[in-house]
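Produce the complete structure using the sequences and hints provided.
If you use mature numbering (1 follows the signal peptide of the UniProt record, and there is no 0), the sequence shown corresponds to residues -26 to -1, 1 to 358, in order.
Take the hints with a grain of salt, since some may be wrong.
Cross-link-like lysine-lysine pairs, in silico, DSS-like; alpha carbons within 27 Å at most [said to hold, decoys possible]: (1) Lys212 / Lys165; (2) Lys61 / Lys35; (3) Lys228 / Lys251; (4) Lys256 / Lys212; (5) Lys211 / Lys275; (6) Lys165 / Lys251; (7) Lys325 / Lys345; (8) Lys87 / Lys345; (9) Lys211 / Lys66; (10) Lys61 / Lys251; (11) Lys152 / Lys256; (12) Lys275 / Lys32; (13) Lys249 / Lys35; (14) Lys165 / Lys211; (15) Lys251 / Lys159; (16) Lys159 / Lys87; (17) Lys354 / Lys320; (18) Lys66 / Lys87; (19) Lys354 / Lys256; (20) Lys320 / Lys345; (21) Lys249 / Lys325; (22) Lys167 / Lys211; (23) Lys228 / Lys249; (24) Lys256 / Lys211; (25) Lys61 / Lys36; (26) Lys275 / Lys87; (27) Lys152 / Lys211; (28) Lys36 / Lys62; (29) Lys212 / Lys345; (30) Lys228 / Lys165; (31) Lys345 / Lys211; (32) Lys256 / Lys167; (33) Lys345 / Lys159; (34) Lys249 / Lys212; (35) Lys62 / Lys249.
Note that these hints are calculated values from the structure, not bench results.
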Amino acid sequence: MTLSLPRTAALGAVAALALSALSACGAAPDDASTTADGKSAATATSAADFGGLDALVKAAKKEGTLNAIALPRDWANYGALIDGFEKKYGIKIEVEAPDGSSQDEINAVTSRKGQDRAPDVLDLGSSFALSAAEQGLLAPYKVEAFDDLPAEQKDAQGRWYNDYGGYVSIGCDAERVKDCPTTFKELLEPKYKGQVALNGNPTKSGSAFAGVYAASLANGGSFDDIQPGLDFFAELKKNGNYTPVESTPATVEKGETPISIDWDYLNAGYAEEFKSKGLDWKVAVPTDGVFSQYYSQAINKDAPHPAAARLWEEYLYSAEGQNLWLQGFARPALMPAMEQAGTLDKEAAAKLPAVSGTPSFPTEAQQNEAKTVLGQGWSKAVSG
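Written as C-alpha coordinates, this is what we have:
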(Lines of atoms letter the chains of each structure in order from A and count residues from 1; the text may use other names and numbers.)
(Lines give C-alpha, C1' and ligand atoms only; values in the text may rest on other atoms or scores of the structure.)
Protein backbone atom coordinates (compact mmCIF):
# COMPACT_ATOMS: atom_id res chain seq x y z
CA MET A 1 0.00 0.00 0.00
CA THR A 2 1.24 3.44 -0.67
CA LEU A 3 -1.35 5.72 0.86
CA SER A 4 -3.31 5.61 4.07
CA LEU A 5 -7.04 5.44 4.48
CA PRO A 6 -8.74 5.41 7.88
CA ARG A 7 -10.40 2.00 7.71
CA THR A 8 -13.06 3.38 10.04
CA ALA A 9 -16.14 3.64 7.85
CA ALA A 10 -19.01 1.82 9.54
CA LEU A 11 -20.76 -1.01 7.72
CA GLY A 12 -24.52 -1.02 7.54
CA ALA A 13 -26.22 -3.09 10.21
CA VAL A 14 -27.46 -6.49 9.09
CA ALA A 15 -30.33 -8.15 10.88
CA ALA A 16 -29.64 -11.49 12.56
CA LEU A 17 -31.02 -14.50 10.73
CA ALA A 18 -32.78 -17.52 12.13
CA LEU A 19 -30.86 -20.77 12.14
CA SER A 20 -33.00 -22.26 9.41
CA ALA A 21 -32.34 -19.24 7.21
CA LEU A 22 -28.64 -19.54 7.84
CA SER A 23 -28.66 -23.11 6.64
CA ALA A 24 -30.38 -22.03 3.43
CA CYS A 25 -27.83 -19.36 2.66
CA GLY A 26 -24.98 -21.68 1.83
CA ALA A 27 -22.98 -21.81 5.07
CA ALA A 28 -21.64 -25.25 4.15
CA PRO A 29 -19.08 -25.32 1.33
CA ASP A 30 -20.33 -26.58 -2.02
CA ASP A 31 -18.72 -29.26 -4.21
CA ALA A 32 -16.23 -26.71 -5.57
CA SER A 33 -14.62 -26.63 -2.14
CA THR A 34 -14.37 -30.41 -1.80
CA THR A 35 -11.93 -32.79 -3.49
CA ALA A 36 -12.94 -36.00 -5.23
CA ASP A 37 -11.86 -38.01 -2.21
CA GLY A 38 -14.01 -35.92 0.12
CA LYS A 39 -11.48 -33.51 1.60
CA SER A 40 -13.11 -30.19 2.49
CA ALA A 41 -11.32 -26.86 2.15
CA ALA A 42 -13.49 -25.56 4.98
CA THR A 43 -11.76 -27.85 7.47
CA ALA A 44 -8.27 -27.98 5.91
CA THR A 45 -5.66 -26.75 8.37
CA SER A 46 -2.89 -26.58 5.75
CA ALA A 47 -2.40 -27.03 2.00
CA ALA A 48 -0.96 -30.47 2.69
CA ASP A 49 -4.08 -31.35 4.67
CA PHE A 50 -6.14 -30.63 1.54
CA GLY A 51 -3.91 -32.70 -0.73
CA GLY A 52 -1.29 -30.13 -1.65
CA LEU A 53 -1.11 -26.63 -3.08
CA ASP A 54 -2.13 -27.76 -6.57
CA ALA A 55 -5.34 -29.25 -5.20
CA LEU A 56 -6.02 -26.03 -3.31
CA VAL A 57 -5.49 -23.96 -6.46
CA LYS A 58 -7.87 -26.19 -8.41
CA ALA A 59 -10.60 -25.90 -5.76
CA ALA A 60 -10.13 -22.15 -5.40
CA LYS A 61 -10.44 -21.65 -9.15
CA LYS A 62 -13.71 -23.60 -9.10
CA GLU A 63 -15.02 -21.27 -6.41
CA GLY A 64 -13.93 -18.37 -8.60
CA THR A 65 -14.40 -15.60 -6.04
CA LEU A 66 -12.83 -14.27 -2.86
CA ASN A 67 -14.74 -11.95 -0.53
CA ALA A 68 -12.47 -9.39 1.14
CA ILE A 69 -13.31 -6.42 3.31
CA ALA A 70 -11.60 -3.22 4.45
CA LEU A 71 -8.73 -3.46 1.96
CA PRO A 72 -8.08 -0.04 0.39
CA ARG A 73 -6.05 -0.40 -2.80
CA ASP A 74 -3.77 2.40 -1.58
CA TRP A 75 -3.10 0.82 1.81
CA ALA A 76 0.27 -1.00 1.97
CA ASN A 77 0.19 -1.76 -1.75
CA TYR A 78 -2.97 -3.87 -1.53
CA GLY A 79 -3.92 -2.79 -5.04
CA ALA A 80 -0.88 -4.61 -6.43
CA LEU A 81 -1.57 -7.66 -4.23
CA ILE A 82 -5.19 -7.88 -5.38
CA ASP A 83 -4.22 -7.49 -9.03
CA GLY A 84 -1.41 -10.01 -8.68
CA PHE A 85 -3.65 -12.67 -7.16
CA GLU A 86 -6.39 -12.16 -9.72
CA LYS A 87 -3.93 -12.36 -12.61
CA LYS A 88 -2.13 -15.41 -11.25
CA TYR A 89 -5.20 -17.50 -10.43
CA GLY A 90 -8.08 -15.96 -12.38
CA ILE A 91 -10.06 -15.56 -9.16
CA LYS A 92 -12.08 -12.36 -8.73
CA ILE A 93 -11.60 -10.50 -5.44
CA GLU A 94 -14.66 -8.60 -4.29
CA VAL A 95 -13.65 -5.91 -1.79
CA GLU A 96 -16.43 -4.51 0.37
CA ALA A 97 -16.16 -1.32 2.41
CA PRO A 98 -12.49 -0.65 1.61
CA ASP A 99 -12.40 2.12 4.21
CA GLY A 100 -13.82 -0.12 6.95
CA SER A 101 -12.21 -0.69 10.32
CA SER A 102 -11.05 -3.85 12.09
CA GLN A 103 -14.20 -3.82 14.22
CA ASP A 104 -16.33 -3.49 11.08
CA GLU A 105 -14.68 -6.66 9.77
CA ILE A 106 -15.56 -8.60 12.90
CA ASN A 107 -19.12 -7.23 12.80
CA ALA A 108 -19.50 -8.41 9.19
CA VAL A 109 -18.35 -11.92 10.12
CA THR A 110 -20.81 -12.24 13.00
CA SER A 111 -23.80 -10.61 11.30
CA ARG A 112 -23.44 -12.47 8.00
CA LYS A 113 -22.72 -15.95 9.24
CA GLY A 114 -23.95 -18.43 6.65
CA GLN A 115 -24.38 -15.86 3.91
CA ASP A 116 -22.59 -16.03 0.57
CA ARG A 117 -21.52 -12.40 0.97
CA ALA A 118 -19.76 -12.93 4.30
CA PRO A 119 -16.05 -12.05 4.30
CA ASP A 120 -13.73 -14.92 3.47
CA VAL A 121 -10.57 -13.31 4.82
CA LEU A 122 -9.69 -10.60 7.31
CA ASP A 123 -6.85 -8.14 7.80
CA LEU A 124 -7.11 -7.04 11.42
CA GLY A 125 -5.27 -4.92 13.92
CA SER A 126 -3.52 -7.37 16.24
CA SER A 127 -5.77 -6.69 19.22
CA PHE A 128 -8.83 -7.30 17.05
CA ALA A 129 -7.37 -10.56 15.73
CA LEU A 130 -6.94 -11.75 19.29
CA SER A 131 -10.53 -10.79 20.05
CA ALA A 132 -11.87 -12.60 16.97
CA ALA A 133 -9.94 -15.75 17.93
CA GLU A 134 -11.36 -15.60 21.44
CA GLN A 135 -14.86 -15.39 19.94
CA GLY A 136 -14.25 -18.54 17.88
CA LEU A 137 -14.64 -16.71 14.56
CA LEU A 138 -11.41 -17.79 12.88
CA ALA A 139 -10.38 -20.96 11.06
CA PRO A 140 -7.08 -22.61 12.03
CA TYR A 141 -4.90 -22.71 8.93
CA LYS A 142 -1.11 -22.79 8.67
CA VAL A 143 0.40 -21.41 5.48
CA GLU A 144 3.42 -23.22 4.04
CA ALA A 145 5.72 -20.51 5.47
CA PHE A 146 4.16 -20.77 8.95
CA ASP A 147 7.29 -22.14 10.62
CA ASP A 148 9.34 -19.16 9.36
CA LEU A 149 7.10 -16.67 11.17
CA PRO A 150 8.44 -15.54 14.57
CA ALA A 151 6.68 -17.33 17.42
CA GLU A 152 5.47 -14.07 18.97
CA GLN A 153 3.85 -13.05 15.69
CA LYS A 154 1.47 -15.95 15.21
CA ASP A 155 -1.18 -17.96 16.97
CA ALA A 156 0.07 -21.46 17.74
CA GLN A 157 -3.12 -22.90 16.23
CA GLY A 158 -2.78 -20.83 13.06
CA ARG A 159 -5.98 -18.86 13.64
CA TRP A 160 -4.10 -15.63 12.89
CA TYR A 161 -0.56 -14.58 12.00
CA ASN A 162 1.07 -11.24 11.47
CA ASP A 163 1.38 -10.09 7.89
CA TYR A 164 2.94 -6.63 7.66
CA GLY A 165 3.69 -3.83 10.05
CA GLY A 166 5.59 -0.72 10.86
CA TYR A 167 6.07 2.07 13.36
CA VAL A 168 3.85 4.90 14.47
CA SER A 169 5.10 8.03 12.75
CA ILE A 170 4.34 11.72 12.36
CA GLY A 171 3.61 12.86 8.82
CA CYS A 172 3.76 16.57 8.04
CA ASP A 173 2.94 18.85 5.12
CA ALA A 174 6.14 20.92 4.99
CA GLU A 175 4.49 23.49 2.72
CA ARG A 176 1.79 24.34 5.25
CA VAL A 177 3.73 23.66 8.46
CA LYS A 178 6.86 25.76 8.88
CA ASP A 179 8.60 23.49 11.39
CA CYS A 180 7.54 19.86 11.10
CA PRO A 181 7.37 18.11 14.50
CA THR A 182 9.37 14.94 15.05
CA THR A 183 8.31 14.09 18.63
CA PHE A 184 5.05 13.82 20.55
CA LYS A 185 6.25 16.54 22.93
CA GLU A 186 6.49 19.02 20.07
CA LEU A 187 2.89 18.35 19.07
CA LEU A 188 1.75 20.23 22.16
CA GLU A 189 3.33 23.49 21.00
CA PRO A 190 0.82 26.30 20.25
CA LYS A 191 2.00 26.71 16.65
CA TYR A 192 0.33 23.43 15.71
CA LYS A 193 -3.18 24.57 16.61
CA GLY A 194 -5.88 22.62 14.77
CA GLN A 195 -3.36 20.62 12.77
CA VAL A 196 -2.81 17.28 14.55
CA ALA A 197 -4.92 14.33 13.39
CA LEU A 198 -5.24 10.58 13.69
CA ASN A 199 -6.46 8.48 10.79
CA GLY A 200 -9.39 7.02 12.69
CA ASN A 201 -11.10 6.37 16.01
CA PRO A 202 -8.74 4.33 18.24
CA THR A 203 -11.63 2.25 19.59
CA LYS A 204 -12.21 0.97 16.05
CA SER A 205 -9.03 1.57 14.06
CA GLY A 206 -5.84 -0.39 14.65
CA SER A 207 -3.62 2.44 13.40
CA ALA A 208 -5.26 5.05 15.62
CA PHE A 209 -5.11 2.63 18.56
CA ALA A 210 -1.36 2.39 18.00
CA GLY A 211 -1.10 6.17 17.86
CA VAL A 212 -2.53 6.46 21.37
CA TYR A 213 -0.25 3.67 22.60
CA ALA A 214 2.80 5.47 21.17
CA ALA A 215 1.70 8.71 22.82
CA SER A 216 1.45 6.86 26.11
CA LEU A 217 5.03 5.56 25.81
CA ALA A 218 6.14 9.12 25.08
CA ASN A 219 4.51 10.39 28.25
CA GLY A 220 5.56 7.97 30.96
CA GLY A 221 3.16 5.17 30.10
CA SER A 222 3.87 1.55 29.22
CA PHE A 223 2.29 -1.47 27.57
CA ASP A 224 0.50 -1.93 30.89
CA ASP A 225 -0.68 1.68 31.05
CA ILE A 226 -2.19 3.43 28.03
CA GLN A 227 -3.86 6.13 30.14
CA PRO A 228 -1.04 8.69 29.59
CA GLY A 229 -1.84 8.42 25.89
CA LEU A 230 -5.46 9.36 26.55
CA ASP A 231 -4.29 12.20 28.74
CA PHE A 232 -1.99 13.40 25.97
CA PHE A 233 -4.81 13.63 23.44
CA ALA A 234 -7.05 15.25 26.04
CA GLU A 235 -4.38 17.95 26.40
CA LEU A 236 -4.06 18.26 22.62
CA LYS A 237 -7.81 18.74 22.47
CA LYS A 238 -7.82 21.26 25.30
CA ASN A 239 -5.12 23.45 23.76
CA GLY A 240 -6.77 23.31 20.34
CA ASN A 241 -4.08 21.35 18.53
CA TYR A 242 -6.09 18.17 17.98
CA THR A 243 -8.52 18.03 15.06
CA PRO A 244 -11.26 15.38 14.98
CA VAL A 245 -10.99 15.19 11.18
CA GLU A 246 -9.73 11.70 10.36
CA SER A 247 -6.80 11.95 7.98
CA THR A 248 -7.03 10.45 4.49
CA PRO A 249 -5.16 11.19 1.28
CA ALA A 250 -7.94 13.64 0.42
CA THR A 251 -7.77 15.55 3.72
CA VAL A 252 -3.99 15.72 3.47
CA GLU A 253 -4.13 17.07 -0.06
CA LYS A 254 -6.75 19.66 0.92
CA GLY A 255 -4.68 20.78 3.90
CA GLU A 256 -7.31 19.72 6.44
CA THR A 257 -4.90 17.39 8.28
CA PRO A 258 -1.41 18.83 7.77
CA ILE A 259 0.00 16.69 10.60
CA SER A 260 -1.03 13.05 10.75
CA ILE A 261 -0.10 10.42 13.34
CA ASP A 262 -0.11 7.19 11.38
CA TRP A 263 1.92 4.14 10.43
CA ASP A 264 5.28 4.96 8.87
CA TYR A 265 4.51 2.92 5.77
CA LEU A 266 1.35 4.91 5.15
CA ASN A 267 2.98 8.27 5.76
CA ALA A 268 5.89 7.19 3.56
CA GLY A 269 3.32 6.37 0.89
CA TYR A 270 1.95 9.90 1.17
CA ALA A 271 5.44 11.26 0.57
CA GLU A 272 5.90 9.10 -2.52
CA GLU A 273 2.45 9.72 -3.97
CA PHE A 274 2.32 13.48 -3.47
CA LYS A 275 5.71 14.29 -4.98
CA SER A 276 4.08 14.66 -8.38
CA LYS A 277 1.52 17.07 -6.91
CA GLY A 278 4.07 19.39 -5.39
CA LEU A 279 3.27 18.41 -1.81
CA ASP A 280 6.32 17.94 0.42
CA TRP A 281 5.28 15.33 2.99
CA LYS A 282 7.88 14.71 5.69
CA VAL A 283 7.91 11.53 7.78
CA ALA A 284 9.51 10.97 11.19
CA VAL A 285 9.30 8.11 13.67
CA PRO A 286 9.09 9.97 17.01
CA THR A 287 12.03 9.09 19.22
CA ASP A 288 10.01 9.68 22.40
CA GLY A 289 7.26 7.22 21.48
CA VAL A 290 8.63 4.30 19.47
CA PHE A 291 5.78 1.85 18.96
CA SER A 292 5.74 -0.96 16.41
CA GLN A 293 2.86 -3.22 15.55
CA TYR A 294 1.71 -5.57 12.85
CA TYR A 295 -1.63 -6.30 11.30
CA SER A 296 -2.79 -9.90 11.25
CA GLN A 297 -4.27 -12.17 8.61
CA ALA A 298 -7.11 -14.53 9.40
CA ILE A 299 -9.69 -16.71 7.67
CA ASN A 300 -13.38 -16.59 8.55
CA LYS A 301 -14.28 -19.96 10.06
CA ASP A 302 -17.48 -19.88 7.99
CA ALA A 303 -15.90 -18.50 4.80
CA PRO A 304 -18.23 -18.99 1.81
CA HIS A 305 -15.14 -19.58 -0.39
CA PRO A 306 -12.86 -21.60 1.92
CA ALA A 307 -10.40 -22.77 -0.76
CA ALA A 308 -9.92 -19.27 -2.21
CA ALA A 309 -9.48 -17.93 1.32
CA ARG A 310 -6.66 -20.37 2.03
CA LEU A 311 -5.04 -19.78 -1.35
CA TRP A 312 -5.09 -16.02 -0.70
CA GLU A 313 -3.15 -16.58 2.49
CA GLU A 314 -0.62 -18.76 0.68
CA TYR A 315 -0.16 -15.99 -1.89
CA LEU A 316 0.31 -13.30 0.75
CA TYR A 317 2.98 -15.35 2.53
CA SER A 318 4.87 -16.23 -0.64
CA ALA A 319 7.98 -14.22 -1.52
CA GLU A 320 5.93 -12.45 -4.19
CA GLY A 321 3.25 -11.34 -1.77
CA GLN A 322 5.63 -10.35 1.01
CA ASN A 323 7.75 -8.26 -1.35
CA LEU A 324 4.66 -6.46 -2.65
CA TRP A 325 3.92 -5.32 0.90
CA LEU A 326 7.54 -4.25 1.20
CA GLN A 327 7.22 -2.22 -1.98
CA GLY A 328 4.39 -0.38 -0.21
CA PHE A 329 6.84 0.61 2.58
CA ALA A 330 5.44 -1.99 5.00
CA ARG A 331 7.70 -4.43 6.82
CA PRO A 332 6.50 -7.98 5.98
CA ALA A 333 6.41 -10.51 8.79
CA LEU A 334 8.71 -12.86 6.86
CA MET A 335 11.29 -10.13 6.23
CA PRO A 336 14.05 -11.66 8.44
CA ALA A 337 13.56 -15.13 6.93
CA MET A 338 13.50 -13.76 3.38
CA GLU A 339 16.62 -11.71 3.99
CA GLN A 340 18.38 -14.86 5.12
CA ALA A 341 17.05 -16.82 2.15
CA GLY A 342 18.03 -14.11 -0.33
CA THR A 343 14.46 -13.56 -1.57
CA LEU A 344 13.95 -10.07 -0.09
CA ASP A 345 13.60 -7.05 -2.39
CA LYS A 346 16.68 -5.17 -1.15
CA GLU A 347 15.91 -2.01 -3.10
CA ALA A 348 12.48 -1.71 -1.52
CA ALA A 349 13.89 -2.49 1.94
CA ALA A 350 16.40 0.36 1.60
CA LYS A 351 13.54 2.86 1.19
CA LEU A 352 11.96 2.15 4.60
CA PRO A 353 11.93 5.01 7.14
CA ALA A 354 14.92 4.82 9.46
CA VAL A 355 14.34 3.34 12.91
CA SER A 356 16.83 2.23 15.54
CA GLY A 357 16.49 -0.50 18.13
CA THR A 358 14.58 -3.77 18.24
CA PRO A 359 10.78 -3.53 18.43
CA SER A 360 8.82 -5.08 21.28
CA PHE A 361 5.11 -5.77 21.34
CA PRO A 362 2.37 -5.70 23.98
CA THR A 363 0.97 -9.05 25.06
CA GLU A 364 -2.58 -10.20 24.46
CA ALA A 365 -3.56 -9.29 28.02
CA GLN A 366 -1.96 -5.85 27.75
CA GLN A 367 -3.75 -5.10 24.48
CA ASN A 368 -7.09 -6.25 25.86
CA GLU A 369 -6.67 -4.01 28.89
CA ALA A 370 -5.66 -1.08 26.67
CA LYS A 371 -8.76 -1.58 24.53
CA THR A 372 -10.93 -1.53 27.63
CA VAL A 373 -9.36 1.69 28.89
CA LEU A 374 -9.74 3.32 25.47
CA GLY A 375 -13.34 2.21 25.15
CA GLN A 376 -14.18 3.77 28.48
CA GLY A 377 -12.21 6.99 28.14
CA TRP A 378 -11.62 8.04 24.53
CA SER A 379 -14.83 9.96 23.95
CA LYS A 380 -14.40 11.87 27.17
CA ALA A 381 -10.78 12.70 26.33
CA VAL A 382 -11.57 14.35 22.98
CA SER A 383 -15.16 15.51 23.43
CA GLY A 384 -16.25 19.10 23.65
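Output the numbers, in ascending order, of every earlier hint that fails for this structure.
Failing hints, ascending: 5, 7, 9, 10, 13, 15, 16, 17, 19, 20, 34 and 35.
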